[in-house]
Amino acid sequence: MTDRQGKVFILTGLPGSGKTTVLEAALETLKSLGLGEVVLVNYGTVMFEEAKSSGLVENRDQMRSLPAEIQRKIQRSAAEKIANMARDKIVIVDTHMLIRTPEGFLPGLPMWVVEALCPNIIILVEAFPEEIAGRRSKDTTRNRDVESVEDINLHQQMCRSAALACAEIAGSTVKIIMNHDGKAKEAAAETVKLFKSLKR
Amino acid sequence: MTDRQGKVFILTGLPGSGKTTVLEAALETLKSLGLGEVVLVNYGTVMFEEAKSSGLVENRDQMRSLPAEIQRKIQRSAAEKIANMARDKIVIVDTHMLIRTPEGFLPGLPMWVVEALCPNIIILVEAFPEEIAGRRSKDTTRNRDVESVEDINLHQQMCRSAALACAEIAGSTVKIIMNHDGKAKEAAAETVKLFKSLKR
Amino acid sequence: MTDRQGKVFILTGLPGSGKTTVLEAALETLKSLGLGEVVLVNYGTVMFEEAKSSGLVENRDQMRSLPAEIQRKIQRSAAEKIANMARDKIVIVDTHMLIRTPEGFLPGLPMWVVEALCPNIIILVEAFPEEIAGRRSKDTTRNRDVESVEDINLHQQMCRSAALACAEIAGSTVKIIMNHDGKAKEAAAETVKLFKSLKR
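Going down the list, the sequences are from chains F, W and B. Just so you know, my numbering puts 106 at position 103 of the first sequence, and the rest follows in order with no gaps. Just so you know, my numbering puts 17 at position 14 of the second sequence, and the rest follows in order with no gaps. Just so you know, my numbering puts 86 at position 83 of the third sequence, and the rest follows in order with no gaps.
Everything labelled a hint here was simulated from the structure, so no lab data went into it. Please note that the accuracy of each hint is not assured.
No copy is singled out in the list; a pair is fine if it fits within one copy or between any two copies.
In silico EDC-like links for lysine to aspartate or glutamate, alpha-carbon gap of 20 Å or less [said to hold, decoys possible]:
#: 1; residue 1: 196; residue 2: 106
#: 2; residue 1: 34; residue 2: 64
#: 3; residue 1: 186; residue 2: 154
#: 4; residue 1: 10; residue 2: 106
#: 5; residue 1: 186; residue 2: 142
#: 6; residue 1: 76; residue 2: 118
#: 7; residue 1: 92; residue 2: 106
None of these values were measured; they are calculated from a predicted model.
With these hints in hand, go ahead and build the complete structure from the sequences.
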């Protein structure tokens, strides 16, 4: 970790965890507090931009068909780009800890990404599996896979383990933010407290 | 990860998980589907062959008495040998995620092995702890330690965490295949689907 | 891992797990057994001594205000110093797997420390969360945070995952020692057995 003035926060949460809602509320509060520059980046978007500017792809769908070795290089350079932003800013990286695929749980932050990002805090936005299932069933705008409550629970548990492996690699802390139904404000307030805690 | 044409699957499961049964059924289906060359290797056997051909040991029992540093070298060269096979083949590595020893849970795939193998998918064959205990008690051919249902549950949980640490290191996916009593066919079919998914 | 004659044990446990009690009882037995030289080190203390002898700090409170990069260097050199002791001795490192901070769970043994220490066994002293809560409430000598039984359970679960990530990095075993109420003697006996098992 270079001794940056800024900080890197990794924000993760299952689909239906309310990650985006919590993040937006937290950002609004941060702005009203005038807490310096906070940059929000979507890791997948930065990766796509890196690949596009290298002439490797033209659209996002082509990303998946890149050879594994090339994908790793892009992942790493995207991570380095983000780490660079954090030299003097608070950077929040919106991403996934584990992506559910037919081949199993895929790490969103494999070792070479974690090492390059060197996050200060890894946030897991969580809720009861039943709450997540309920939110997903109500959300008709997104075409989400139907996962059982048990599967959601497993996914969340697996994310915790993956987060701890990342923490071991980078020396980051792992913070669980509970976002229960009707408690998004409280979750946002807790997130703000986290951002402020590292603002020196 | 070199951009190999083949793939590496790590197949793990507690004694009594039915890993071997699932694997054999899956291999049979793969053969009947004519899905290219599938090589099955036992990691411990490859390690022993490496040590033997280096003149370090004459029989398998001597493996344990090798100094730690030598053991690591053999582990790594065995992993490299297997990774090499995967250049143009599907390689299934039969091994253990965590071995229960009097000194605690020992990783079957420590970092230097995972890095050398660079598996595409890490498979955990699981069953309910009660089912595993039941299968073990019926299996009188092998001299297995008697573990309580609680201990089996713990072992299985620990394997999940270890698998996720491996996944973070290598960027592999982690797939849990449930092999419930009387459902070996379904488990084998799911395994076949996995092998086919990565066959491009 | 250099092929040391000695061994490194990492001893961890939540506040209230009874780690110290178990350790003291184990050390007493080891002494009475005449089991060679056993050195007990507190990782935080070794770090402080390293920083002090480098002229970086004068007292322990100043440790936290050191820049992250410097802290890492001290962590690593402290770990190397301890690993060096283990060339011909049994070294028990008293530390924490995960420290609860307002920013989340902080790894006490990040990767660069684990790699330098290269522990043989990572011990997790555990108890039922209710037992830990009970012990904490009775202990009025230390100013401990009040954590709910649920939080203690989470902390303990997270420690297991972190320990497995460490084990993957260093190839160590992970041993859970249960220290239930009134069973400290049994826990100490189990710990002694572990120490003896690696004494060759």
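Status of each hint after checking the structure:
1. 196 x 106: Only across copies: residue 196 and residue 106 sit 9 Å apart there, 37 Å inside one copy, limit 20 Å.
2. 34 x 64: Answer is neither: 34 Å inside a copy and 33 Å across each miss the 20 Å cutoff.
3. 186 x 154: between (23 Å within a copy, 19 Å between copies)
4. 10 x 106: Cα proximity of residue 10 and residue 106: across copies only (13 Å, versus 33 Å in one copy).
5. 186 x 142: within (18 Å within a copy, 34 Å between copies)
6. 76 x 118: Intra 13 Å, inter 16 Å, cutoff 20 Å: intra and inter.
7. 92 x 106: between (37 Å within a copy, 18 Å between copies)
Figure legend: structure checked against the earlier numbered hints; the only hint not met is number 2.
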